[in-house]
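Protein chains in written order, with our numbering: chain A, -7 to 462; chain B, 131 to 790; chain C, -17 to 172.
One or more hints might be untrue.
Just a few of them, taken from the derived set where beta-carbon distance is under 7 Å, the chain C residues facing chain A [unchecked claim]:
id : residue
1  : 96
2  : 98
3  : 143
Don't read these hints as lab results, they were simulated from the structure.
As the structure is a prediction and not an experimental result, all values here were calculated from the model.
All C-beta atoms, glycine included, are put in the ideal place defined by N, C-alpha and C.
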Amino acid sequence: MITALLPEIIIGIASLFFFTSSLLDLKDRTVVNAAIGFSGLSIAAALISLGSHGDFFYYAYGVDRFSRFFVLLITGTFFLACIITKGMKQIPSEKISELYFFISVVVLGLIMITTARELITLFIALELASYPLYIITSYRTGLGYQFEAAVKYMIFGVVSTAFMLYGISYLYGAFGTTFLHEIVAEVHGHMDNSLAIAGAILFLVGLAYKLALFPFHFWAPDVYAGAAGEVVTFLASLPKLGAIALLVRTVSMFSGMENLLPVLAVLAVLSMTAGNLMALNQQELKRLLAYSAVSHAGYMFLGLLAPDQGGFTAMLFYGTVYAIMSLGAFLVALQVAGDEKGDIPLSNLKGLWGRSPLMAILLTIALASLAGLPPTGGFTGKLLLLTAAWKAGYLWAAVAGVLNTVIGIYVYLKAIKISLVGDEEDTHALLASPTAIRIAAAAICITLLYLGITPGKLISMADMAVNALS
Amino acid sequence: MENYLFLIPLFPLLGFLLNGLLGCRLEKPFISYIGCASVGAAFITAVLAVYDLIGRPAGDRQLVQVLWSWMAVGDFQLDVSLMIDQLSAVMILVVTGISFLIHIYSTGYMHEDESYWRYFAYLNMFVFFMTMLVLGANYVVMFVGWEGVGLASYLLIGFWYQGTENADAGKKAFIVNRIGDFGFVLGMFLLFTTFGTLSYLELFPEVAGLHHQGSLSMNSPVMIAICLLLFLGATGKSAQIPLYVWLPDAMAGPTPVSALIHAATMVTAGVYMVARSNILYTLAPTALLIVSLVAAATALMAATIGILQNDIKKVLAYSTVSQLGYMFIGVGVTAYTAGIFHLMTHAFFKACLFLCSGSVIHAMGGDQDMRNMGGLCRKMPITYATMLIATIAIAGIPPFAGFFSKDEILWKAFNFPYYPAAGKIIWFIGTLGAAITAFYMFRLIFMTFHGNFRGTEEQAHHLHESPISMTCPLIILAILSIFGGWLGIPHLIGQHFGHVSNVMEHFFEPVFADSQAIVAAETGILHHAPGLEWTLMAGSVLVALAGIFMAWTLYIRYPEYLLEKLARAYSLHYRLVYNKYYVDEMYYLLIVLPVYHLSMLLWKIVDAIVIDGLGVNGSGWIIRKGSCAAAKIHNGYLQTYGSFFVLGVVAILGFLIFYQ
Amino acid sequence: MLTLPQFFFIYFALAIIFLAGMAVNVRNPVHSVLLVLAMFFHMAGVYLMLNAEFLAAVQVIVYAGAVLVLYLFVVFLVNIKEEIRLKRFIGSYTTGRVITIGMLATLLAAAWSFKLGPAGTWSIEAVREITHTRALGIEMFSHYMLPFEIAGVILLVAVVGGMALAKKDRNRATTTEERRALMRGEELGE
């Protein structure tokens, strides 16, 4: 039992540690290193708990392969994000401890989301993973518009959770229970029950908001642009993983509902098209990545269309790759942000090749992966998603997906081009990144290429995770 | 030997990594040593592999190496595996061999460039992806190479990124190629969903087997769709109508790159792909008809544009487009051997032509305008001799290489088994194109090397023969341009010279055996009197000679005078051709502008309805920052955002609940 | 004829709808909060009729007694004189109305397929037998133990978050005036 819940325990201890340390006057470096240490420990814990099973709290909390796969993913992302944001340039020094407290609580909440099997627990865990994010969105040195961003994020979040809670009440009305295993047992009799359908849709809306799916994405660009780069790094990677886990779990229950999958297909296509189109004109890197998140939410939704054709496996695979490649992009973004404490216009990337070849390579690989070019993991993931959707009979959605990669390539190419082109006059100073950052950058490059060249291991892991669902 | 196939792509990859990561700290000689040695090693490995292949009995000529299992999801099983058979053997020799020569040439040509190491890194990367494309044993590995060479080409076109024109050319190439890739990917998906596999060794026997059982009829719609989608990919990569527009612009890159990527190897990938998928195309005659008609149209159109170009590289670029058209005519009329044969000979003489033009440009100090040249034959004898040989080869004069391959294509087109009538038309267009080819190529020779020098004093003073590292590849390629064609001497001629057999045809027989059997079963074996073949052969030589004579008349005998008269008499045609039939402008007008206006209109409507409809006024921080059109619905107001949010929920719920 | 419980239910339901609508529409925030207060009392009435006397008590004590009073304090602290003169709706009233009506229609249509009668293990008789408060306690500390505990952590986050947001930045403008001046300066500088 202890091994099954080890990640939760470690993260819990971490959050208590940071809660205490915010009262003490510790050096910034100590706190940052503690965060890296704790997140590294949590990876070890996740690895230990990977194969364990167990049901807790009257089946409200079920540890299985699926949840532990995501726990490993979340802790890994947490660790990587901690290293990437090591510099903490845009965060006021006295708030760093609190920041880590909030982030560890978010991670705890996300772990619970992937593991909980009861609607109330899911909802509360989702809240646990959301509130701290609203708060840390406002952390930023200098008087920018971080409060505007925080308020927008919060109001949007509250509205979407209100929808979600309403959906849960409908689901309870339809099934008379909030426990997923009891709902699964009865779901076949309710496939055309409009109460259950409305409940499921409202529940999914709350998740679509987290994943920034069109038309529930409106918060994303403003929040990405408004919050500090470090905060956005966490915000762009961690919550998405929880949302993916819960989406897969929910859709695996309700996939038999009439017309549900076609609606999801429409949403997927709309989202990837809208995201790509809106990204076309962006000149600010974080904003560009926000729109890219919108289009990638669309791609990932393609996986939901094919529950029996390997779509979920593809979605898990792509979720993993997405977390890594967006972290790679943010790593570069934070490195080129400089000390201006403002936005990161694309022109900051100018001459990156000359300033730091490693960063230029990382940017190229990460953006190529986002665009879906071989031999990166993004290509493999898109291939899996598109074949799954195609096999499930959503030919038009797959065609739209392929067409969108054509548009998408243009978006990312622009940034790559700027980074490879160097003007003699305005070459910025050489980038001197700390060793840890450089190691992380190299690791991300290698992982993305590795996942492109031999994706077999991750696919079989994702496959095992998905098999644990049924 | 099959266990060592991986070495062929590995050597260039190592070269790329070494030069790319450490190049900025290495000395120039060392960089060129790495670059040339890695490709040279790949070439030697390829030669050994092919030697091993030939040593085997004809029915067993396949070397396969499975490197690792790429992925296995459900029934989706894919290996990363390499394969050499007769088809890829010829391709790999051409690719690595010519790459090696061009690497050597580049050490001389790029000697003064600052980013020497970057150039060689990209070039090695290109060779790596190209070998993957050729050696891949399934469509996905081919696609990886396919995308990779596109990336390398993009990087090399924009190599001198100081000029925005070059960067634009690179972008254009990349985007046009993505449109083609769109087709390729869809074709691949359709193949997979139809037959359940993408591996050549499983797919092609399965398709042939299904056809023999009768469960896959001729010309079934799905086969036509697959073939046309794949062909769309080929039109992008191999610069055919309608996607050829990127290739002339791609000449912005360094000349050795044009020779290697945009003439000899990468652009022929489409031809290779169609030949590789020959069984699919054979089962879809309609697709073949479209392929050959598009190819014929491209061949003629590009040739006519080539007549009036003054940039020496542009002439060669249009000539490449035109020659690629001939290759597609070959594979389009089920003469797959002839198509690949022409691919090979073309690689020799076109690489030679480009390198010669590079040598000329080098001597002219970067000037590419033929109107400033003239009389160079005295200053640059080796360049002149080699270029003349290659020009005769491309013009199709026997016994040079181009004659045999082009003539075989035309002869097979004349006998197009599926559509004899269309075959005659294609033959006519092809022959006409051959005459024009001879004309514009000799126009190039006459304008560049004959007459008087028309450039500046400074240029005249600077003129010199290129260093040995550049002339050496020229000589080798010129020799290949003479003798390369002798591998495919037609039976008709061969029988008079001690029964020299058609080596190419015999060599390729097992690869295309299934296709030929199907063609024979469908149409019966055609017999022609030898007289007809002799006549056509003589005819094509005669028209080529006529083209040369025309060029001589216009540019040597009566320079200026006749030309101006002609230009005045046909001013409309002249302008049309001079401006490349206004295709670029047409694309701008028909595609770019409407898309632009549509997107503007969309935003305007959204703007009018949403922003004004919701009564939002004033300005927030974000709207000032994000002033571009895309940010219009992201106006920074929560009310707007919330409306969209709830509207989305209502739309979804309304559909699901009221639709039932 | 209406039975007495039916009569009361209809009264409470109509009152809730009316009060909620009014709370959105009145111009003065203080009035608005007071209307919500009245609405909460009526909701407590509905709970009472559903045999949930504990919930009714909590509703009155926590929401009406504590939360809304806090709101009132906040509203008093903010200078509302200027706010009252503003328009009630900044966005388009029509658009909002159309979307809201659409939302209502779909949700009502969905609710139509609701099957009346108690679902799950706790039937009305079972609740009556051991009383509602006891039933709630049993459920909350057995099946719903975990969410109950997580809610505690959320409260901790809320407390820390509230303090973190209120914490003044060192070396930075402290008063509203200074803050505004800085904001203007920064805007001009851009």
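Earlier hints that do not hold, by number:
When the structure is compared with the hints, only number 2 turns out to be violated.
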